[in-house]
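Listed below, chain by chain, are the residues.
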Amino acid sequence: MTGNGHGATLAEKILARASGLERVVPGQIVDGRVDLAMMHEQGAQTVGPFHEMGAKKVWDPDRVVIAIDHWVPASTEGAAVLHRILRKFAEEQHLPHFYDVGRHGICHQILAEDGWVVQGDLAVGTDSHTNMLGAMGAVAAGIGPTEMAAVLALGRIWLKVPPTVHVHVRGTLGPGVTAKDLVLRVLGEIKTTGATYKAVEFSGPTIERLSMPERFTLCNMTTEMGAKCGMIAPDATTADFLRPIAKHAAHPVRADADAAYERVVEIDVDGMPPMVACPYSPDNVRPLPEVANEHIKVDQVFLGSCTNARIEDLREGAAVLRGHKVAPGVRFIVSPASTKIYQQALDEGLIKEYTEAGAVFTNSSCSACFGGNMGILAPDEVCASSSNRNFPGRMGAKNARIYLLSPAATVASAIVGEVADHRSLN
Amino acid sequence: MRDVIEGRVWTLGVDVDTDQIISGKYLTIIDPQELKKHVFEIALPEFAGAAQAGDIVIAGENLGCGSSREHAPAALKAIGVSAIVADSFARIFFRNSINLGLPAIEVRGVRELFEQGDTARISMSGGTVTNVRTGRSVHFPPLPAHLLELLEVGGLVEKVRLELAHADSPATA
Ligand code: SF4
Numbered sequence: 001m002t003g004n005g006h007g008a009t010l011a012e013k014i015l016a017r018a019s020g021l022e023r024v025v026p027g028q029i030v031d032g033r034v035d036l037a038m039m040h041e042q043g044a045q046t047v048g049p050f051h052e053m054g055a056k057k058v059w060d061p062d063r064v065v066i067a068i069d070h071w072v073p074a075s076t077e078g079a080a081v082l083h084r085i086l087r088k089f090a091e092e093q094h095l096p097h098f099y100d101v102g103r104h105g106i107c108h109q110i111l112a113e114d115g116w117v118v119q120g121d122l123a124v125g126t127d128s129h130t131n132m133l134g135a136m137g138a139v140a141a142g143i144g145p146t147e148m149a150a151v152l153a154l155g156r157i158w159l160k161v162p163p164t165v166h167v168h169v170r171g172t173l174g175p176g177v178t179a180k181d182l183v184l185r186v187l188g189e190i191k192t193t194g195a196t197y198k199a200v201e202f203s204g205p206t207i208e209r210l211s212m213p214e215r216f217t218l219c220n221m222t223t224e225m226g227a228k229c230g231m232i233a234p235d236a237t238t239a240d241f242l243r244p245i246a247k248h249a250a251h252p253v254r255a256d257a258d259a260a261y262e263r264v265v266e267i268d269v270d271g272m273p274p275m276v277a278c279p280y281s282p283d284n285v286r287p288l289p290e291v292a293n294e295h296i297k298v299d300q301v302f303l304g305s306c307t308n309a310r311i312e313d314l315r316e317g318a319a320v321l322r323g324h325k326v327a328p329g330v331r332f333i334v335s336p337a338s339t340k341i342y343q344q345a346l347d348e349g350l351i352k353e354y355t356e357a358g359a360v361f362t363n364s365s366c367s368a369c370f371g372g373n374m375g376i377l378a379p380d381e382v383c384a385s386s387s388n389r390n391f392p393g394r395m396g397a398k399n400a401r402i403y404l405l406s407p408a409a410t411v412a413s414a415i416v417g418e419v420a421d422h423r424s425l426n
Numbered sequence: 001m002r003d004v005i006e007g008r009v010w011t012l013g014v015d016v017d018t019d020q021i022i023s024g025k026y027l028t029i030i031d032p033q034e035l036k037k038h039v040f041e042i043a044l045p046e047f048a049g050a051a052q053a054g055d056i057v058i059a060g061e062n063l064g065c066g067s068s069r070e071h072a073p074a075a076l077k078a079i080g081v082s083a084i085v086a087d088s089f090a091r092i093f094f095r096n097s098i099n100l101g102l103p104a105i106e107v108r109g110v111r112e113l114f115e116q117g118d119t120a121r122i123s124m125s126g127g128t129v130t131n132v133r134t135g136r137s138v139h140f141p142p143l144p145a146h147l148l149e150l151l152e153v154g155g156l157v158e159k160v161r162l163e164l165a166h167a168d169s170p171a172t173a
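Taken in sequence, the protein lines are chains A and B.
Under the working numbering, the first residue of the first sequence carries the number 1, and numbering increases by one thereafter.
Under the working numbering, the first residue of the second sequence carries the number 1, and numbering increases by one thereafter.
Worth double-checking, as some hints may not be accurate.
Simulated crosslink set (EDC-like; lysine to aspartate or glutamate; CA at most 16 Å straight-line) [claimed, not checked]:
#1 A:LYS340 with A:GLU381
#2 A:LYS57 with B:ASP168
#3 A:LYS247 with A:ASP31
#4 B:LYS159 with A:ASP31
#5 A:LYS325 with A:ASP283
#6 A:LYS340 with A:ASP31
#7 A:LYS191 with A:GLU91
#8 A:LYS56 with A:ASP114
#9 A:LYS56 with B:GLU163
#10 A:LYS340 with A:GLU77
#11 A:LYS57 with B:GLU163
#12 A:LYS398 with A:GLU381
#13 A:LYS325 with A:GLU356
#14 A:LYS56 with A:GLU91
#15 A:LYS398 with A:ASP380
#16 A:LYS191 with A:GLU266
#17 A:LYS247 with A:GLU266
#18 A:LYS191 with B:GLU41
#19 A:LYS57 with A:GLU91
#20 A:LYS247 with A:GLU77
#21 A:LYS398 with B:GLU41
#22 B:LYS25 with A:ASP31
#23 A:LYS325 with A:GLU353
#24 A:LYS56 with B:ASP87
#25 A:LYS247 with A:ASP114
#26 B:LYS25 with B:GLU41
#27 B:LYS159 with A:GLU92
Read the hints as simulated data drawn from the structure, not as lab findings.
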C-alpha cells in the first residue's frame, strides 16, 4: 500500500470504462457516459435549462430517478411548486422512477435500497452527498442542476479525473464505536479541504468487515472532505447486498495492486474512542469522552439524515434508549431515511419505543438536517445530531451550535440532556 | 467573456460554505432575481444591498463548500458579478459557476493581496490578478481549453443547445 506505483486506482478504472478509454490519468478531462442520474427537489432547477437547451427527450428514462426528500410533505408554497415542476416533468418525459410523497425517502437512501447504483457505475445526482453511493464500488458524484440538464439531454458529463487519496484502515472498532466515529476520525485527519476535487478510497481489513449500511455512512461523509467521490472496492458484501435488488448489470473493478495514489492515510482504530465533531466544522473532531466531560447542555437532538438514519441506526439508538426517557427540556426528533425504513421501524415496535420515551418520530425525509423544513434551531441553541454538517446556520440560527455524533451517542445525548457518551449510561 | 475583467472587490474569508452564501431557508426560491436579495446574508450581510454589476468577489480557501446549491453562483450571476476569485474552490461550486458562464478563477495567495473596496484587474489570457491600488499581482495557470470554451459560449446551456442543434440539422444527418 505504498501508493507509488503506476497502476490505476478504482476511480480511474471506472472513469476509463465510462468514457470508453483504455486508461485515464488524474487531471485529464473526460466525457463520461452516465449509468444513473438522480434528482431531488433541486432537480426542479434542471427543468428550465433542459428546455432552454432545446432538448426534447430524456436520454434514457430508465436511468433517471427522482426522489422528493427535502420538504415532505411540502411545508411551504415554494416547495409545493418545486414538487409540481418535478411531477409535471416526470409525466411529460414518461419517467417511471419517481418517488413521490408516500413512497419517498432521502434520495441517496432510495438509490441504495432499491439497487439503482451498482458496482462500476458512474452515477451523478443533484445533491452533494451522492458520494454515499460510492460504497457500491462506483463513482458517484454530486453535480449542479444545470449540468444535470445536460446529462438528461445527452447521457454524458464532462469530468476531470481526480487523483485518489487512499485511506487504509486497520484494527477493530471497540464496543460502542461505529463507522460514524471512524469517518469523523478520518475527517479530523484529512480536514474539510484535504480531498477537494479528489477521490477518497477506503480499504484495509477494518473496511472489509464493514456492512453495507456502515459503508454508506463512511462514503457519505467524504463530501465533508471536499471529495468528488468516496468509494470502497466491491467485494462479496457488496455483491450479496446488490444481488436481489440490482437494477442493471454491474461492471465490478478494483484498483491495481500498484495503483498510484496522491496520498495514503493510515488509520489504526484499535483503542479509538467514539468521536464528535464540534461547532462549526465537521473536521473539528475530538474524542467524545473528553467533550462529554464538559457537560454541554443540548436543546434539540436529531437522529436522522442520509448519514445515519437507516434501520440499523434506529435499532442502535433504541438499544441505548431502552429503560430511559428523553431529558426534560430536550426536543428529540427521529426521522428515518426512507418510507421502507419507517415501515420496518413500525413493524419492529421502534416507533412506539421512541415516542413513549418522549421523542417525535417524523415521516422519512431530510427533516432537521438542513435548516429549511422542520426542527429549526433558534439563536444560541445547541443540537446533538447524527447528521453530517455543522457549519454556521446549517440547522437554523447562524450561531446555533451543532455537535455531530454516532446514532448511539445522539440518543444518549437526548437522555442525558447534554452531549453524552452512550458507554457511560446503564 | 472579456479577456480583461476589472471591478470593485468584495472580500470574504476562508471556508465560506453555501449555507453562508444562500441560507437553507431560501432554497425553494428558483428565481435568481429574487435569490440575489439574500446572497451572502450570513457571510457578508451588506453585500446584497450594495453590490453592483461588474463587481468581483475574492475569497480565501474552499469557497462554496457544503451543499451543491446552484442558487449560490446563480444569485451572484444575477447581480452581475463579473468574476469570482479564490485561493481555492469547493468542487461543485466551481463547476456550477463555470457551467453558468461565470468565470471562477483559482489563484493561490490571491486573498491576502486585497482589501474590501480595492479594484482588481484580471487578465484571463495573461493569467494574472492585479490589485490596481497596490500594483501587486499573482499568477494562475490558464483554465483548461474545455472550460474556456464553456465560458466563451456563455455556459453549458448554450453549449448543449449548439450541440443539439448541430445534431438535429439535416446538413449533418
Ligand atoms: S439528509 Fe441532509 S445531507 Fe442528506 S440529502 Fe438530506 S439535507 Fe442533504
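LYS25 of chain B and GLU41 of chain B were given as a pair; does the straight-line alpha-carbon distance stay at or below 16 Å? The given pair, whose Cα atoms are some 11 Å apart, holds under the 16 Å limit.
Please verify whether LYS25 of chain B and ASP31 of chain A have alpha carbons no more than 16 Å apart. Cα-Cα ~35 Å, so violated.
Are LYS56 of chain A and ASP114 of chain A close enough, with their CA atoms no more than 16 Å apart? violated (28 Å)
Does LYS57 of chain A pair with GLU91 of chain A here, judged by a C-alpha cut-off of 16 Å? holds (12 Å)
Would you check the hint for LYS56 of chain A and ASP87 of chain B, treating anything up to 16 Å between C-alpha atoms as holding? Roughly 40 Å between the alpha carbons, so the hint for LYS56 of chain A and ASP87 of chain B is violated.
Do the alpha carbons of LYS247 of chain A and ASP114 of chain A lie within 16 Å of each other, as the hint requires? holds (8 Å)
Given the proposed pairing of LYS398 of chain A with ASP380 of chain A, does the C-alpha separation stay at or below 16 Å? Holds, at roughly 9 Å.
16 Å Cα cutoff - pair LYS191 of chain A, GLU266 of chain A: holds (15 Å)
Within a Cα-Cα threshold of 16 Å, do LYS325 of chain A and ASP283 of chain A meet the stated pairing? Roughly 31 Å separates the two Cα atoms, so the pair is violated.
Sort out whether ASP31 of chain A lies within 16 Å of LYS159 of chain B, counting only the CA atoms. holds (14 Å)
Given hint GLU353 of chain A paired with LYS325 of chain A - CA-CA distance at most 16 Å: The given pair, whose Cα atoms are some 10 Å apart, holds under the 16 Å limit.
Hint consistency between LYS56 of chain A and GLU163 of chain B [alpha-carbon to alpha-carbon, up to 16 Å]: Distance of about 13 Å is within 16 Å: holds.
When the structure is compared with the earlier hints, violations turn up for hints 1, 3, 5, 6, 7, 8, 10, 17, 18, 20, 22, 24, 27 and for no others.
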